[in-house]
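Start from the sequences, fold in the hints, and give me the full structure.
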Amino acid sequence: MNQELGPIASILRHVVLLFGALIMLSPFIVMIVTSLKPQSEILSADFTLWPKTWYAVENYRAALTSTPLLLYMLNGVIVTVAIFVLQVLVALPAAYALAKLRFRFRGLMFGAVLLCLLIPMHATAIPVYVLLFKLGLLNTYASLILPFAISVFGIFLMRQFFLTVPDDIIDAARIDGMSEFGIVWRVMLPTAVPAVIAFGIFSVVAHWNDYFWPLIAVGDRNLFTPPLGIAYFKLDEAGTNYGPLMAAATIAITPLVIGFLLAQRRFIEGITFTGMKS
Amino acid sequence: MSETDQQSSCAGHASRRGAVEIRGLTKSFGAVSVLKGVDLRIAPGEFVTILGPSGCGKSTLMRIVAGLERQDGGEILIDGGSVDEMRPSARDIAMVFQSYALYPHLTVRENIAVPLRMRELSAVQRLPGARLLSASARRAVREADRAVRDVAALLKIEPLLDRKPGQLSGGQKQRVALGRAMVRKPRVFLMDEPLSNLDAELRVHMRAEIAQLHRSLGVTFIYVTHDQAEAMTMSDRVVVMMNGMPLQIAPPEEIYDDPADLAVARFVGSPRINVLDGRVQGGGIAAAGVVLPLATGLADGTSVQVAIRPNRATLDPAVAAPRVSGRLVHRENLGSDLFLYVATEGSAEPLIVRQDPGIAGRLAVGEAAEVGLPVEHVYVFDAEGRRIALLASDARRRAHG
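Protein chains in written order, with this note's numbering: chain A, 1 to 278; chain B, 1 to 401.
No wet-lab data here; the hints were simulated from the structure.
Just so you have them, the derived chain B footprint on chain A, three or more residues with Cβ under 8 Å:
| id | region |
| --- | --- |
| 1 | 156 to 170 |
| 2 | 174 to 180 |
| 3 | 186 to 193 |
Straight-line Cα separation of at most 20 Å, EDC-like style, residue types lysine to aspartate or glutamate; simulated pairs:
| id | chain 1 | residue 1 | chain 2 | residue 2 |
| --- | --- | --- | --- | --- |
| 4 | B | Lys36 | B | Glu384 |
| 5 | A | Lys234 | A | Glu58 |
| 6 | A | Lys134 | A | Asp220 |
| 7 | A | Lys100 | B | Glu69 |
| 8 | B | Lys164 | A | Asp168 |
| 9 | B | Lys36 | B | Glu69 |
Short, incomplete list of chain B residues facing chain A, as computed with Cβ under 7 Å:
| id | residue |
| --- | --- |
| 10 | His105 |
| 11 | Met118 |
| 12 | Arg119 |
Here the structure is a predicted model, which is why all the values come from computation and not from measurement.
Just so you know, even glycine gets a beta-carbon here, dropped at the ideal spot from N, CA and C.
Structure, rendered in structure tokens:
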């Protein structure tokens with residue numbers, strides 16, 4: 001991989017990468033550009049990258065005032081943070097047990113975890129909906145949070161990471177007087193911070209952006225998450241109002257982009273599992 | 001441990017704590033029997049090394065003593081009380097691991113303080129900010145800080161206290177691991193090959209340091225290793241273990257000079273001991289074409305094995321001894337020692353003789369050589385490798401001194 005490439009190969013490689021990046025970024029570029037244009041210009045036949053008339057203030061004001069977008073974002077924060085905290089509380093002890101403790105049926109249990117990875121959320125949506133209905137929890141924060149409290153992906157990811165933690169450290173912690181849960185929170189969690197952050201980004205992005213489940217579980221506007229709020233512009237009787245819609249979308253993804261940029265290095269560390277070298 | 005206890009142990013007196021008794025210990029992993037009934041008594045303050053090749057069960061034995069593994073049968077007593085039902089931390093022991101096992105996210109200071117924090121502080125007092133509210137927590141933390149500093153001073157790691165383990169060299173990590181074990185002043189120190197990950201020079205240095213540490217602490221040490229040099233240089237007694245059984249438990253000199261089993265004789269000593277196949281004949285043993293005057297009392301024709309250390313075999317013609325003739329096939333000059341490899345008829349492997357360069361200095365490879373086997377230094381083993389006592393052994397015993 002690291003062998004020296006000639007200048008032509010090097011240029012070619014960058015061209016390919018740039019092209020790929022452009023394809024990935026183009027929806028975002030269109031989104032931002034559209035959020036700066038008036039409706040007439042958005043719907044005109046010729047597409048320009050640079051707005052002819054600036055309509056940013058009007059669009060963003062509409063996005064923030066015609067719906068309680070900030071409330072939706074607060075809802076989004078409450079739901080995603082609660083989901084992530086619960087997922088970590090469940091996944092770390094489970095992953096520790098699967099990676100480091102010896103008990104009967106451990107292989108079978110891990111097999112069950114892997115099997116659950118294969119089941120799409122949509123397959124269980126109806127039973128979960130019925131369950132929440134019977135519990136009387138529909139149309140609450142709990143209905144947005146509880147179905148995701150156990151993440152099999154989280155258990156799997158953390159288990160793979162914990163396998164790389166040397167057994168001696170766990171034995172040393174036992175001799176030093178830590179309980180098994182003490183080991184999970186005081187030894188495993190600190191060594192697994194990169195993996196937890198990587199998992200956190202997956203989890204937060206998935207649930208911040210989730211449209212499917214909140215649409216089913218919640219009808220009360222005060223419980224809307226950002227994707228439902230954005231969709232409001234589309235449901236408007238006057239037809240889709242693209243400028244404020246794109247402005248709202250831009251506002252909605254901003255926290256994620258900032259969060260990713262801040263945690264980028266840790267994120268990549270976690271994915272490539274190079275956190276434990278010492 | 002009170003202040004006075006601590007002082008007396010620091011002054012080098014063996015403390016009365018730390019007697020370990022292992023009774024009939026057995027352990028299997030699946031169908032593999034790892035420990036086959038191990039008995040061992042260790043006196044307070046003793047340095048006992050468990051020596052054996054990898055897979056002999058020595059690490060398992062130590063993990064059972066530590067409480068990290070549960071035995072299938074037998075019991076462990078520390079200071080007369082059974083610890084079988086106790087958690088590792090309740091046994092009042094400390095363990096040093098081959099991989100050091102430091103907590104990578106904590107500084108050296110925090111690493112060493114962990115056992116004290118876990119023992120002295122309750123779960124609530126360990127919460128961040130608890131120190132602001134509880135005077136007893138403050139006192140415990142202050143005392144732990146002092147204990148950490150004392151240990152760091154003793155091990156000369158004070159400048160490292162605020163570093164993370166990732167920033168330390170192997171030798172420094174080893175010291176921190178020792179510090180974490182010492183800080184709780186345990187009854188028994190368990191060490192599982194603590195020097196194997198160090199380079200050769202540092203290993204020799206740390207050997208001396210651990211022996212010194214044992215003298216100054218006066219605490220029981222149980223040390224597991226496959227390195228005979230570590231076992232011979234540091235221990236009060238050595239347990240040579242093979243296939244889940246102790247073959248011999250004795251002081252290092254006795255392990256070397258008076259091996260109870262051929263496997264022990266082969267495992268300890270470098271270069272390896274010379275072994276010849278022999279057969280009882282008349283009042284002696286015929287081996288490699290000569291008859292050694294060694295009375296075993298066994299029937300004629302019984303096969304035995306005779307063994308002699310390279311430093312006891314000789315090429316010096318002035319020494320009166322039965323001689324085996326052969327041919328020099330290889331010589332190794334280490335400066336202080338000269339090792340000569342002599343091929344003989346009775347043995348598949350050449351005999352190794354350690355000699356002063358003065359006596360065999362001019363002997364060239366390919367020349368005939370006569371290896372003298374002074375009978376008072378020859379060990380006789382039966383076909384299974386067990387040592388055979390010789391009948392007229394008075395002269396031998398005296399020769400040993």
